[in-house]
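Mind docking these for me? Both chains are given alone in their own frames, and the hints should help you get the complex.
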Amino acid sequence: MSVPGKGILFSLVERARRRSAWLFHFNAGACNGCDIELITCLTPRYDVEQLGIKLEGSPRQADVLCVSGPVTRATREALETIYGQIPFPKVVVAIGSCPATCNVFAGSPMIEGPLDRIIPVDVYVPGCPPRPHQIIEGVAEAIERLAAYRATPAGGER
Amino acid sequence: MNAWRALFALIVFPGLLYALPMGWFMLGAGRKLVARFQGRIGPPISQPFYDVVKLLAKQPVARVAAENRLLTSLPLLAVGALLGALALLPVFSGETGFVGDLVLLVGLLELPPLCMILAGYASRSIYGEVGATREATLSIASNIPFLAALVAMASAAGSLHLSQIVAATPWLVRIPALLTILLCLPVKLRTNPFSLSNAEQEILSGPLTEFDGRQLALWELVHGLEWVALTGFVATLAVPVRSAHSFLDFLGFVLISLALVLLLNLLAAATARLKLRQATRLLWRWASLLAAVALATALYLRHGGY
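The listed protein sequences correspond, in order, to chains R and U.
The first sequence: position 85 = 85 (my numbering), numbered continuously.
The second sequence: position 47 = 47 (my numbering), numbered continuously.
In short, the hints are calculated from the structure, not lab data.
Keep in mind that this is a model prediction, so the values were computed, not measured.
Watch out, some of these pointers could steer you wrong.
[To be verified] DSSO-like cross-link-like pairs, simulated, lysine-lysine; straight-line CA separation at most 27 angstroms:
(1) U:Lys275 to U:Lys32
(2) U:Lys275 to R:Lys54
(3) R:Lys54 to U:Lys32
Next up, chain U with everything else stripped away, as it sits in the complex (with noise of 0.2 angstroms):
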């Protein structure tokens, strides 16, 4: 990978000048199509776009006990490990990536939840120490199945490099893979029967009950990249070919990515908020089952099969 083609994929696609208004996109298309499904009429698809600049032009209020050069550096950390994992996607053809790039992808896929919870304790409210706790326990929960399909998929590919695990695995590894991958979504997305950390009116608004201004605009964006970048690693991890023709690679990515959306949100419309005690037996039995699924179709395939 050269610097060039890493710098048009940090900068333009699908790095910030796609994710941005993407990002915008998924959650102002979310909140329509959550009051659609509710018989509302809902917000305009603008929607997130506004709230970012209103947040934008708020003044500041001075907080007691709390460290704010901390809690303005967290979500900028967050929005900058989001952008290079966006930038290590292998959407089009070619020799893209690197070996073991896998590795950088999901730990910076990573950083955003920690930031989160790190931002939740470091704000010194009640609610945001629970909500920081929850998102602690289900990360915890969702991870376990989210890496093991992974390492399913690479064991499978027998290589650490995105673009040959994309190519390589085979469908008897990649459905199960996937199927996992797509429960631990909405635990990693925060939306509805995962939305614990954040529980609205519930706890508040979790981890990020204290934030106010410019802050909170960071975090919106923040959200809306985290959306950007995970329906986008599965768009790519559900593809194995890539045409010769970028803008059709480009077209599916878009597409799988805005089906993921549609699909995440009808999820959240239809089902209530569960107990952390439901969401986490729920992940560590279904969604580990289907893990160890592909784990052991991934091992026989290797050493036992044809």
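This is chain R alone, in the form it adopts within the complex (with noise of 0.2 angstroms):
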């Protein structure tokens, strides 16, 4: 896996990665609104199942960490702990105007946010909270970033 190649054994990991991702969903102090949207994606009216996307419980087995909620100091240190125990390939995706720009919560004494000061994002779903459409297209596109993910010789990111 080293060696970014196009040889048949990578095109075949790059097309598992895009159809397998593994969902980890983390309220870092959300209202609940977009953790409710994001459930809204499992359910069949949505069924994100048929990309191969699940909701996973923990996060050693996840591909992807969704993100909810402006951080407050509560959640910091599990986030820091939980964006460190996804193995590499991982994407972020920050779902709704909260760990974008902490959104009415700026400026508050108790916010650590916006998410990017804490762990790199790599997709951001604006909206408050988005719609279950836009939370795919997000996804949607993580997933392409992982897909692409090479990993370096010296064993680094991207």
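Shown next as structure tokens:
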């Protein structure tokens, strides 16, 4: 996996990453609005399992970290731990306006966000809350970044 | 059983070359079926294959306080045990197996749940421990009727040789014994009314919470092989006759296995997860009752009957 080539094995891995993204959902002090919209994506109406996406209980088994909420002081450490527990390749999707800008909570002393001050963010899905379509679009974009991941010979990121 | 035949059973059919794609197919078909029953389109049938490829290409994360070699060897042991169990199944006619192969088969089928319990405790995660505790409690509750049903079949047939048990068990014993085993199947496969040990979301991923990348891919493999081995076991027990053409035997084996997959997934889609107390009570009450009926009939036929 260390050489970014075009071999059959590599294209198979790329295809597998595109078709099997497992989500971990982290609530960093969100009001639950975005969380409800995220869960909606799994219902029969939107059915993201068609794309091989499923909500995974353990961060160690996830590929995509979906964060909602402005990152409060109480959740920051847990967020960092969970981000560290997800094995590479991984992508982060910021769901809603809170992780992007802190939204109405901006300026509060209890808030340590926005999210990109704490962990690297790949895709922002703005909205308060965003519609399920937008979340699916954001996750699909994140999956493209996941599939394009190349391990460098030094073992670093991207 | 000569060595070539044993090697063929282990590597080609019903061993590795058959069981690996079949396990992926059964898992994929299961997810698709549950999705269709719920009114969704669901993932493609090839989904478990892509899941495993993706997991194999993940980079491992260093873990604190857990013995990495142990965590890798447990799923490997489970894979080996399941392949051995598959190789012992008397699918074809003729003199297969040996006297006492039932005991070995049951032992090998019991190893994967044991590995999973150990993995749950060894991963040093509280979710893993809760999952392992539930798995252990359920496996006691399901194994007593399961083993009693097998003992009933063996004593009715008067043999511990699988191919003789399959051929000689009378239907009066075979039907309650098979019903008991069928009731124990969703427990052993951890599907829905009995999905307590891996209780998705409730206790994260149960015993496998701390497993990532390649080790998790091995566990996915174990799940697939468990489906093939347990449905295959029931398929071989259910049909007493073997035809002269091995192709027909093969076809019957595969069709009954797939019918069981359909049945189990229908049950999984139609039910919600039970509590531990409800599940154990159900098993101790009804599965044990069925097993007791099978045992009593077997003893009656042997000593007092015709």
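Cross-check of the supplied hints:
Annotation: proposed proximity of Lys275 of chain U to Lys32 of chain U holds, straight-line Cα distance about 26 angstroms (limit 27 angstroms). Proximity of Lys275 of chain U to Lys54 of chain R is assessed by CA-CA distance (about 24 angstroms); at most 27 angstroms being required, the pair is judged to hold. Simply put, Lys54 of chain R and Lys32 of chain U have alpha-carbon atoms about 13 angstroms apart, close enough for the 27 angstroms limit, and the pair holds.
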